[in-house]
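Enquirer: Here is what each chain is made of, one letter per residue.
There are 2 protein chains.
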Amino acid sequence: MAEKISFNPLPEIFNAKAIAMVGASNNVDTMGSVLLINTLKGGFVGRLYPVHPKEKEVMGLKAYKAVGDIPDVVDLAVICVPTRVVPDIIKDCGVKGVRNAVIISGGFGETGADGKKLENEILALAQTHGIRFLGPNCIGIINPYRNLNMTTFPYFQGPGPLGLISQSGTYVTQVIHYLEQKGIRYSRAMSVGNQADLDLVDCIDYLGNDPETLAIAIYIEGIKRPRAFLEVARGISIKKPIVALYVGGTEAGARSSATHTGAICAPNSLYSGLFNQAGVMEAHTIEELYEWAWALATQPIPAGRRVAILTQSGGPAASLSDACEKYDLKVPIFSPELQDRLKPLVPSTGSYKNPVDLTYFRDIALMTDKMPRLILEDHGIDGLIIHGLMATSWLRGYEADPEVSAVNMEQLTEMMKGPSKNLAQLPKEYKKPIICSTFMGRDIEVITKFLQDDDIPCFYGPEKAVSAMAALCRYGEIRRRA
Amino acid sequence: MAEKISFNPLPEIFNAKAIAMVGASNNVDTMGSVLLINTLKGGFVGRLYPVHPKEKEVMGLKAYKAVGDIPDVVDLAVICVPTRVVPDIIKDCGVKGVRNAVIISGGFGETGADGKKLENEILALAQTHGIRFLGPNCIGIINPYRNLNMTTFPYFQGPGPLGLISQSGTYVTQVIHYLEQKGIRYSRAMSVGNQADLDLVDCIDYLGNDPETLAIAIYIEGIKRPRAFLEVARGISIKKPIVALYVGGTEAGARSSATHTGAICAPNSLYSGLFNQAGVMEAHTIEELYEWAWALATQPIPAGRRVAILTQSGGPAASLSDACEKYDLKVPIFSPELQDRLKPLVPSTGSYKNPVDLTYFRDIALMTDKMPRLILEDHGIDGLIIHGLMATSWLRGYEADPEVSAVNMEQLTEMMKGPSKNLAQLPKEYKKPIICSTFMGRDIEVITKFLQDDDIPCFYGPEKAVSAMAALCRYGEIRRRA
Chain A
1 MAEKISFNPL
11 PEIFNAKAIA
21 MVGASNNVDT
31 MGSVLLINTL
41 KGGFVGRLYP
51 VHPKEKEVMG
61 LKAYKAVGDI
71 PDVVDLAVIC
81 VPTRVVPDII
91 KDCGVKGVRN
101 AVIISGGFGE
111 TGADGKKLEN
121 EILALAQTHG
131 IRFLGPNCIG
141 IINPYRNLNM
151 TTFPYFQGPG
161 PLGLISQSGT
171 YVTQVIHYLE
181 QKGIRYSRAM
191 SVGNQADLDL
201 VDCIDYLGND
211 PETLAIAIYI
221 EGIKRPRAFL
231 EVARGISIKK
241 PIVALYVGGT
251 EAGARSSATH
261 TGAICAPNSL
271 YSGLFNQAGV
281 MEAHTIEELY
291 EWAWALATQP
301 IPAGRRVAIL
311 TQSGGPAASL
321 SDACEKYDLK
331 VPIFSPELQD
341 RLKPLVPSTG
351 SYKNPVDLTY
361 FRDIALMTDK
371 MPRLILEDHG
381 IDGLIIHGLM
391 ATSWLRGYEA
401 DPEVSAVNME
411 QLTEMMKGPS
421 KNLAQLPKEY
431 KKPIICSTFM
441 GRDIEVITKF
451 LQDDDIPCFY
461 GPEKAVSAMA
471 ALCRYGEIRR
481 RA
Chain C
1001 MAEKISFNPL
1011 PEIFNAKAIA
1021 MVGASNNVDT
1031 MGSVLLINTL
1041 KGGFVGRLYP
1051 VHPKEKEVMG
1061 LKAYKAVGDI
1071 PDVVDLAVIC
1081 VPTRVVPDII
1091 KDCGVKGVRN
1101 AVIISGGFGE
1111 TGADGKKLEN
1121 EILALAQTHG
1131 IRFLGPNCIG
1141 IINPYRNLNM
1151 TTFPYFQGPG
1161 PLGLISQSGT
1171 YVTQVIHYLE
1181 QKGIRYSRAM
1191 SVGNQADLDL
1201 VDCIDYLGND
1211 PETLAIAIYI
1221 EGIKRPRAFL
1231 EVARGISIKK
1241 PIVALYVGGT
1251 EAGARSSATH
1261 TGAICAPNSL
1271 YSGLFNQAGV
1281 MEAHTIEELY
1291 EWAWALATQP
1301 IPAGRRVAIL
1311 TQSGGPAASL
1321 SDACEKYDLK
1331 VPIFSPELQD
1341 RLKPLVPSTG
1351 SYKNPVDLTY
1361 FRDIALMTDK
1371 MPRLILEDHG
1381 IDGLIIHGLM
1391 ATSWLRGYEA
1401 DPEVSAVNME
1411 QLTEMMKGPS
1421 KNLAQLPKEY
1431 KKPIICSTFM
1441 GRDIEVITKF
1451 LQDDDIPCFY
1461 GPEKAVSAMA
1471 ALCRYGEIRR
1481 RA
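Sequences listed follow chains A and C, in order.
Position 189 of the first sequence, counting from 1, maps to 189 under my numbering, and the rest follow consecutively.
For my numbering, count along the second sequence from 1 and bump the result up by 1000.
Watch out, some of these pointers could steer you wrong.
Below 25 Å or equal to it, Euclidean Cα-Cα: the simulated PhoX-like pairs (lysine-lysine) are [claimed, not checked]:
#1 A/Lys116 <-> C/Lys1353
#2 C/Lys1353 <-> A/Lys117
#3 C/Lys1326 <-> A/Lys326
#4 A/Lys343 <-> C/Lys1116
#5 A/Lys62 <-> A/Lys91
Since the hints were made in silico from the structure, they are not lab data.
Chain A extracted, bound-state conformation (with noise of 0.2 Å):
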């Protein structure tokens, strides 16, 4: 395979606007359906043809016999067919011009010797009709800037800074909710499977090229051309953050990446290098690839790693603290100018010299404006980590109860969206990053809701939020050596 990027057609892919889902049926239990479930439910605004070789309507929309058989310019054909189906459907595809696909059915390289051979000849027939494909063996394309969602998971956010490659499907779909659930929101997201055609380097410099995507996250159990990732990755990574996570460089996770996406793996250390070389940060979990992207997409990269705690709980402040040096993070005593200027604000029960323990607070505001304004205008402080911001959560359980709740659950809500704007637009004024740590789910805390919303990371356990900070750190540093 040539070592050399040249046209990349994932921009057209992502923003097709005329699609053929070639095996969708009415029988809901088809993978081929599901993809078409999703992209329906998902809002989709182009135009979707369904072919089957019987149903004449599928969902509501009229079916056709064949590609060929589509009254209009058909832009990415997603297949979804028997394995042994699939060569007819890409000549099919050739003859009527469609120059784009993903191609989703399974059975191919990742089962041995006589499916790679079978993979081979679907390549080599693609490029005879000049056609190019994700796939095959993959789980399909989000891109929620259009509303298109043709995987097998619904995802119902909206669109995100983050943009996903993965060489494991499981790693796009059945994270949605999870992801969700920590108010993580894609740009784009793709899963390469056995990458016949277009593989994690052409994915990594569309995203790299796409403005809608701020940072990257690549769940990688093999490169099959380490020298374009190489010069592709090290030539967007000091513009756009790129993070990686490797799995395969062990004895059994190699024998588990060979069958699910014939990946040929390397030792770990074979990676880590080559990720070094080429400005790539390399996560060890896959909760740290995403959270690390996601706090490299939405916060500013701070200029050192002199870290300010600001909490109203002294077990999480401690946590704070240990975990910052843990992770090589100054979390420093404060200036006395500084120190002054906070004293006032914290009551004597508490601590203003960094950590800020307010032990209690009755003025949202107090954590919200005053004190992390006053932090962040202080130049021996480089980044700002919140724990334990919460208004609605204390009364869960008590919403509808008047003998406990003096302010109803609406008002309650409705009082914390202005501070809670208020913080997420801090970073961009003092162009320092805030991360918080909270155990309280959006599902039950508005704060955690609103901020998340607000593209401010708020993770579940101090550790997961310094471990972010760590990286945006870290990634100040990959920047300013480049």
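Starting from the structure of chain A, add chain C where the hints point.
Expert: Chain C alone, transformed into the frame defined by chain A:
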């Protein structure tokens, strides 16, 4: 302070039948009132006596001007009044003959030298009157077996096997919803505050002897009696697992803990040595503390480190395998006999050598019964990790949509009860642990809910499942070396 355990009043405190709530009023903005609210709403079946200088009735209960006015024997006084009033309340309790107290009020040792002096005064007063107490500067106690939740947050879960001891109130209360989302339930939970009288060691001694507590989790900022800790913890850890998280060994951590609970900190390495000698497992994040302890509280201890992996997703199979090797767990290739048994159950696109990757499944019993049984029966396997059990989460958002879902959601939920129950009893049957990994929260996936409610740990992410399995293995080694 004596380095000896004498009579332990904690069983009396946690099983109090008549409680004076000193400081509760009808002003729901005070902490004393919130404690009473949660005690009432929690469904406590004992007798509650609000004590307040002005109120005649508090939240429907007759209130008393002083503890001495209560016309009943009082087992426990919960004291949540301004700092300066605490000594008088202790005297009143002494005169009344109250033997036990929980002192919520702060403003003592954690605020500096003056506060420390006051703390010593109340300790002396309590000793004079024969009163034992938790606190001051703590957040209360929870005993779900008696519907007793005297803290600042509601606890709606049922009782479970995890005993929690914390120097931070936050890690008892702010985490309740967070733990609920993981299906983690307390047997007892207590915040020890400044440990003026009863300390961590007394609490460990108590939970070590409590039959409803099957594992103990401890959040530590500083141990006051290291020798007693070692002696007591060593005696317990050979029969009941103890997991500890120590925070305070770094400079900023120490600064924070000192103002928080007045703890005096020592380097991390010193605590690591102490834990190791005591057979206590050391967690490094708050999430590890809870998740390891939950796995240890619910699962049989494996005889060795040989782990089987069962999934329907290639990505998680690779992640789980990779994480196992990083945590020094073995993922051995199955014996030819086991492979022969599994092969007919796995589709041609999947794999059956370990990891097992079904790629897709229709029959839930494959993953909840047939395959787990075949695997757990095998003498070459010590424990099982499963990823990807799901039924209702596929349909999230489409529940009411007959076009999409042929099976209705209630029927589907009902259908999953049997398979979940079946899987949940396999660890007992085979005396081998099962841990699940999933990205599907209990709010959208009934299988997650059913399994969690039946004490099968379902953690959100492959690395967390592996980390917990590794903790089980390490505890097996601790016990075998003893």
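Enquirer: Each hint: holds or not?
Expert: Here's how the hints hold up against the structure:
1. Straight-line distance between C-alpha atoms of A/Lys116 and C/Lys1353 comes to about 21 Å, which keeps the hinted pair within the 25 Å bound.
2. A distance of roughly 24 Å separates the Cα atoms of C/Lys1353 and A/Lys117; the hinted pair therefore holds under the 25 Å criterion.
3. Distance restraint check for C/Lys1326 and A/Lys326: the Cα-Cα separation of roughly 20 Å lies within the 25 Å cut-off, and the hinted pair is therefore satisfied.
4. For the hint linking A/Lys343 to C/Lys1116, the alpha-carbon distance of about 22 Å falls within 25 Å, and the restraint holds.
5. Taking the CA atoms of A/Lys62 and A/Lys91, the gap is about 22 Å. The hint holds against a cut of 25 Å.
When each numbered hint is compared with the structure, no violation occurs for any of them.
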